[in-house]
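Based on the provided sequences and hints, a complete structural model is requested.
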Amino acid sequence: MHLSAMDGPIENCEEIEADEVHLLESIGKGSFGVVYKALWRGLMVAVKKVETESEVNEFYNEVQQLAKVQHENIIHLYGACTSGLYKCLVIEYADGGSLYHLLHNSPNTQYNLAHGISWLFQCAKAVSYLHSIQPRPLLHRDLKPPNLLLTKGAKVLKVCDFGTACELSTIMSDNRGSAAWMAPEVFEGKLYTEKCDVYSWGIILWEVVTRRVPFEDLGLAVRIMWAVHQRQRPPLITGCPKLLENLMKRCWDHNQARRPRMEEVVEKMCLVTRFLKGADEPISNPPSDDSITGQPPFYLLTLPSF
Numbered sequence: 000m001h002l003s004a005m006d007g008p009i010e011n012c013e014e015i016e017a018d019e020v021h022l023l024e025s026i027g028k029g030s031f032g033v034v035y036k037a038l039w040r041g042l043m044v045a046v047k048k049v050e051t052e053s054e055v056n057e058f059y060n061e062v063q064q065l066a067k068v069q070h071e072n073i074i075h076l077y078g079a080c081t082s083g084l085y086k087c088l089v090i091e092y093a094d095g096g097s098l099y100h101l102l103h104n105s106p107n108t109q110y111n112l113a114h115g116i117s118w119l120f121q122c123a124k125a126v127s128y129l130h131s132i133q134p135r136p137l138l139h140r141d142l143k144p145p146n147l148l149l150t151k152g153a154k155v156l157k158v159c160d161f162g163t164a165c166e167l168s169t170i171m172s173d174n175r176g177s178a179a180w181m182a183p184e185v186f187e188g189k190l191y192t193e194k195c196d197v198y199s200w201g202i203i204l205w206e207v208v209t210r211r212v213p214f215e216d217l218g219l220a221v222r223i224m225w226a227v228h229q230r231q232r233p234p235l236i237t238g239c240p241k242l243l244e245n246l247m248k249r250c251w252d253h254n255q256a257r258r259p260r261m262e263e264v265v266e267k268m269c270l271v272t273r274f275l276k277g278a279d280e281p282i283s284n285p286p287s288d289d290s291i292t293g294q295p296p297f298y299l300l301t302l303p304s305f
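Here numbering that gives the first Met the number 0 is used: the first residue of the sequence shown is 0, the next is one more, and so on.
Think of the hints as simulated: they come from the structure by calculation, not from any bench.
Every clue listed holds true.
Subject to a maximum C-alpha distance of 27 angstroms in a straight line, what follows is the list of computed DSS-like cross-link-like pairs (lysine-lysine):
1. Lys241 to Lys276
2. Lys267 to Lys154
3. Lys248 to Lys267
4. Lys36 to Lys151
5. Lys67 to Lys28
6. Lys151 to Lys267
7. Lys248 to Lys189
8. Lys28 to Lys151
9. Lys36 to Lys67
10. Lys276 to Lys248
11. Lys241 to Lys154
12. Lys267 to Lys241
13. Lys154 to Lys28
14. Lys276 to Lys151
15. Lys276 to Lys154
16. Lys154 to Lys67
17. Lys36 to Lys154
18. Lys67 to Lys151
Derived Cβ-Cβ restraints for the label pairs, each shown as a range:
19. Asn11 to Lys36: 18 to 28 angstroms
20. Pro134 to Leu190: 11 to 21 angstroms
21. Arg230 to Leu23: 40 to 50 angstroms
Quick caveat: nothing in here was measured; it's all calculated off a predicted structure.
Note that beta-carbon positions come from the ideal geometry of N, C-alpha and C, so glycine has one too.
Have a look at this one:
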């Protein structure tokens with residue numbers, strides 16, 4: 000592979016020798032490269048390996064952004080191989096797979112509403128942390144269930160895949176992200192802020208509660224973008240408490256200025272968690288009586304409005 004001008008050690012990131020890393024099996028793909036389950040110094044890790052020269056810049060971006068952050072709900076970076084046979088980053092291994100896989104590809108794995116709210120709360124805390132970084136907030140820009148990993152019996156959520164993350168600047172108009180979760184101002188090429196992550200979180204809220212893929216009936220990304228541009232959103236959820244419904248609608252408001260800050264989202268979700276019990280219970284398989292198999296049991300949840 001051709002060497003980039005950026006080759007070499009990265010500040011606050013341990014340089015790992017490639018021969019220390021023993022790749023075991025491929026477990027998926029990220030915004031760039033192939034992700035492997037691997038052993039490193041006796042520890043089970045995930046390794047994101049650059050496959051083509053065109054991925055080098057995204058690799059360096061992800062390493063640089065992850066090296067800046069430290070949060071219990073953000074995947075941990077152990078270090079990176081920036082020279083030698085290949086380039087890769089060595090990160091924490093999440094044995095529960097992605098939230099997307101649990102929601103949509105594991106029909107026999109069931110969860111209760113408390114589990115879902117806990118995942119959403121953890122995600123919001125991680126993103127709020129990113130937005131609070133000084134002197135320049137960090138935007139994830141590709142927040143979606145495939146980039147939310149689960150561990151500790153699927154009770155702990157970790158945000159991953161920072162290949163498209165960036166610092167907030169005064170002018171941001173490049174369209175990075177994934178159509179179903181992407182804020183309209185992003186794909187419309189308008190200036191945008193950290194509120195693009197808030198929009199994505201609102202879509203994820205709907206997805207976790209309904210256990211349905213957003214805009215699945217529309218298919219192609221261009222059709223999804225056109226529908227969102229026309230102010231279409233996922234259908235409101237029958238029986239959803241007004242607190243959650245209002246928060247969801249505010250998050251996916253077409254006008255980014257009217258969306259709440261992620262800090263406020265954390266405050267609202269903290270309130271919701273106080274009314275729910277069961278987040279520490281094992282994820283059931285086969286399903287328990289109050290698990291989410293489709294429409295969640297909202298009759299079990301009474302929340303104040305705001």
